[in-house]
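Turn these sequences into a full structure, and let the hints steer you where they fit.
Just so you know, UniProt numbering puts 51 at position 51 of the sequence shown, and the rest follows in order with no gaps.
Hints in this document: simulated from the structure, not taken from any laboratory.
Treat the hints with care, since some could be wrong.
Said to hold, decoys possible - Below, in silico cross-link-like pairs of lysine to any residue (SDA-like), each with a Cα-Cα straight-line distance of 25 Å or less: (1) K22 - L97; (2) K85 - W46; (3) K22 - R54; (4) K85 - V32; (5) K22 - G93.
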Amino acid sequence: MSASPAAPGSTALAPEVAARLKRDPQGLVPAVAQQYDTGEVLMMGWMDDEALHRTLTTGRCTYWSRSRSEYWVKGDTSGHLQLVKSVALDCDGDTLLVQVDQVGAACHTGDRTCFDAGQLPVSAPGTTST
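In structure tokens, the structure reads:
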């Protein structure tokens, strides 16, 4: 039997913060990690109430791994830390923006960001291909 994310209201997350979150059916919210000083988008992970609580109170990003069904703190095994500078909730309450100071690679492949693997071709009028 696999573990599940913590149920809303079952953690120490401040009730006023928990009330603002719009979670998916598994109780998760996408969390976009961004380098605080450059705006570089680093990665996207999933947080539930407990992961968000840990992130807010430890200053290190904690995510819920859907594939491993467990919490993981970015950098605990790789040494590639995400030191939290700020956390914001979007206007709909369904996405978190976590501004971090990334130490080392953000992607599990060793790339600086999870978006280094290549851009998709865009051929829409008015776009610029890089």
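Hint check results:
For the hint pairing K22 with L97, the CA-to-CA distance comes to about 14 Å; that is within 25 Å, so the pair holds. About 18 Å separates the Cα atoms of K85 and W46, which keeps this hinted pair within 25 Å; it holds. Of the supplied pair hints, the one linking K22 and R54 holds, its CA atoms being roughly 18 Å apart against a limit of 25 Å. For the suggested pair K85 and V32, the alpha carbons sit about 13 Å apart, so the restraint of at most 25 Å is met.
Straight-line distance between C-alpha atoms of K22 and G93 comes to about 5 Å, which keeps the hinted pair within the 25 Å bound.
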